[in-house]
Amino acid sequence: MIRWPEAALEEWGTAAEEFARDRLAAVGGHGHADPAFRARLDAMRGLGFTELCADTRLDGLEQGVPALARVLERLAAYDPSAATAVYANAAAHLAIVAGRVPSDRLPMLPAAGSGWLAWPAFQDLGEVQWPRLGEEGLLSGACGMLVLGTVADHAVLPARPVGGGGLRLVLADLREPGVTRTGPVRTIGLSSCDTGDVAFDRVPAVVLTRHGEQVFGELAGHLAVASMALLCGVMRASQDAGERYAHERTQGGGPIIGWGEVRRLLSLQQERLRVAQGVLGDALAAVTTGGDLLSARYGALHVGSLATDLTTDGVQLLGGNGYMVDYGQEGRMRDARQLACLTGGPAWRRQQLLTVALEAPRQVPAPAARP
Amino acid sequence: MTVAAALRHARPPFADWATSLSAVSAVPKVFTDDVRQAIALARRFNAEVVRPLALDLDAAVQEDPDVLPYEFVAEANRWGLYTRWLPKLYGGGGWSFLSLNAFVEEVSSACVGLANVVGVHYLGVAALSSTWNAALTARVYGEVVAGERADRPCILALGITEPTGGSDAEEIELAGRGTAVSYAVRRPDGGYVLNGRKIFISNGHLARWHVIVTCEDREHVPDTAMVLAVPAGTPGFRLGTQEKKMGQKACVASELVFEDCPVPREQVAFDRTMSARMGRPHREVMQVLLDYVVAATRAGVGAFAAGVAAGAYEEARAWALARTLPDGTPFAEQQWVQTALADMARNALVARMSYLESGYANSLVGLYAAMSSAPLLQMERWVPGRLLARLAAKPMRWDVTTRLLQHHLIERYPRDAQSLTSGLGSLAKFTCSDLAVANAHLAMDLMGADGLRHDHGVEKRLRDAKLLQIYEGTNQINRVNLFKCRIRPDETTRVFVRDDDPVQVRRDVA
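Protein chains in written order, with my numbering: chain A, 33 to 403; chain B, 59 to 568.
A hint or two may mislead.
Straight-line distance between alpha carbons at most 20 Å, and here's what the computed SDA-like set of lysine to any residue pairs gives [what the hints assert, rightly or not]: (1) K452(B) x M429(B); (2) K452(B) x P472(B); (3) K302(B) x D66(A); (4) K302(B) x G196(A).
Derived by calculation from the structure, the hints in this document are not laboratory data.
Just so it is clear, the structure is predicted and the values come from calculations on it, not from any experiment.
Take the sequences, apply the hints, and build the full model.
Here it is as structure tokens:
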């Protein structure tokens, strides 16, 4: 069980759960470019999920990551693609909030409830080439794998200024003539998510902040918590499906839950899920109290690994049926694999995090010198 | 006594230490030549056929699960891939099964789904050959050879899995505890009428001949199990659904439906009437038969998996060496990248060594050995293939030929040979498939965003690799089989004991 802070925010979780049960439970299939996905996006916008983390100056609700995590965990248990759309939009708005956009630029930004914002699916700063921002504020270059890139009117993304300098965070209107969208991109998971590759050819962009690295640094812990919530939802669904199947499926003289090896796998599922939920709960507590979020970033790495292992065994538990699309477990494995990379590739992130960890105050005091 | 024979008879068994070492002097040199030729053939096949097709076919099947690779099967037939590993006695190419494993490893490094479309045909060949029914194998393999010459592919599929049983169907002890769906009623003329369903049958919609494992009495499966051969188009036999799979999309997984399907006596590969001639209980004989098959096919799955592991490594290596970071630093100069690639290279090589070990065991004392005895090899070497097939055609149809083969190769099959080949087959299967999945994950981690994208090919390898841990017996069942065959001291330590068995049942010695 997850220790959710701020009980008053539970209404968001309840709304997400009810919506998911009513509208997402029957989706399944994880088909590529699901035509019904846009209807689900519209329904989620109607519930206020696009305003959840948005700046109040843009008619948003600035409910923060504890509310967002509740929504993401509940949605992801039913439809990780739908949940990732909410994540991406929220990440874009969190970046706008963290960027402290000057008031004179606010009229250039869309109101929170007016539509979805696209956001990079894989946004480790150092690993990816970002588009270039010219002196006239024109964007050129490509951004691969933009979540909602094929449907959203606007995107928030990093850009490198021509001639040097730190990363900028910019807002681009994807309806501009110089924008070419390709997709949906076929990826291992999150098949319905309308992720697209976007090319910019001298497209006007609104600079949200000149301190992109700093904003990403501030955001990193919050996005790590959000990605953990997504993973916990998928893990919970995979663990539950495996356990139910083990009770219902009869092979070798009785329900397969009677086999020692099945029980070992089920126990491993419990271990991974409970540890992940504990890590998420601790991270949410740190967000709520304003604590250090480096542990949350390491936690996201570990939960990503746990999710990969749990959902892989979730397929294995169902044997041949687990490999078939109709049973849902293979889709959860694919989605978890992609969700584990939402804030960058795990191996790369692990190397980069050490730089941050070495600069943090030491947890263990150095041993006293020998006399 | 020759050196090879001395090695084989030494105590403690030298094969326990490393079967491959025993095989060095015992396996004919021609096998090594076959392996080299097979790898060269596979690389050419990959370049000209597999690589241009693999990703597009995977995407096409994602869009429309009913797509079938007819053109690929026809092309593989034109390349002679469905006869190359059939014995020359039947008009085939006579290449060793050791080289078949090398071939499928190499093709799997490009696309394991397409490798499966070729490899699964030999799954059927292994199953049919294991019955040592000379007349039926001659007939079926003759059609395969004729199909190649006429440019009309004639391939095999193996049907074991049912809706109520998968891995357990490959263990006679477990098959007896399950709920079989298919069954065959004996006719007065010695044939059968078959009813039931098989699912997840690779190449089911493409095969001409289906080798079906079924039983006469669903309450007593181990004592009444049998193997039948049913051609497509037989009345009462129809193809059902094509499953929507996570990966290996090029290779269809079919449902086969049998409704009062007549199977004449000539198409009964093995049944109780044949085991009645032997001095061993039917269930024991069926386990020999199944172990012959799985010892070979699990080594084959090991080869598929080694190919996936190798392909993932090669893909990641090429990507890493070509890449620079945004600040201009060569990506491959980072130590974490170097160690990740080293792990992947190790995994690929260890996988290959595992399935080779199993392959050598099969060559010394398993299914491959029987097909490569010295007199047979000499005949194949000196007598032209078509003449050999013509000379062998009549004797292969004699009942006495079948009786002699079954007597020597099933009834008298040594238990220690059975346990060695079956155990090593299982070891190869779960080792290689685990390493394939591991390498796919490592490649995806290394390649970052590109690793997630379909157009880079590596995410497909993970989807494809996962099935290798499931079919041919789940890795869990294969671990238990290894314990059964090579680890426990004797049969007083039972396997397949359920955690929910009553305590007294668990304490009783079998």
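Against the structure, the hints:
1. K452(B) x M429(B): holds (18 Å)
2. K452(B) x P472(B): violated (30 Å)
3. K302(B) x D66(A): Given that 20 Å is the threshold and the Cα spacing comes to 16 Å, the pair holds.
4. K302(B) x G196(A): With a Cα-Cα distance of about 50 Å, the restraint between K302(B) and G196(A) is violated, given a limit of 20 Å.
Going through the hint list in order, the structure does not satisfy hints 2, 4.
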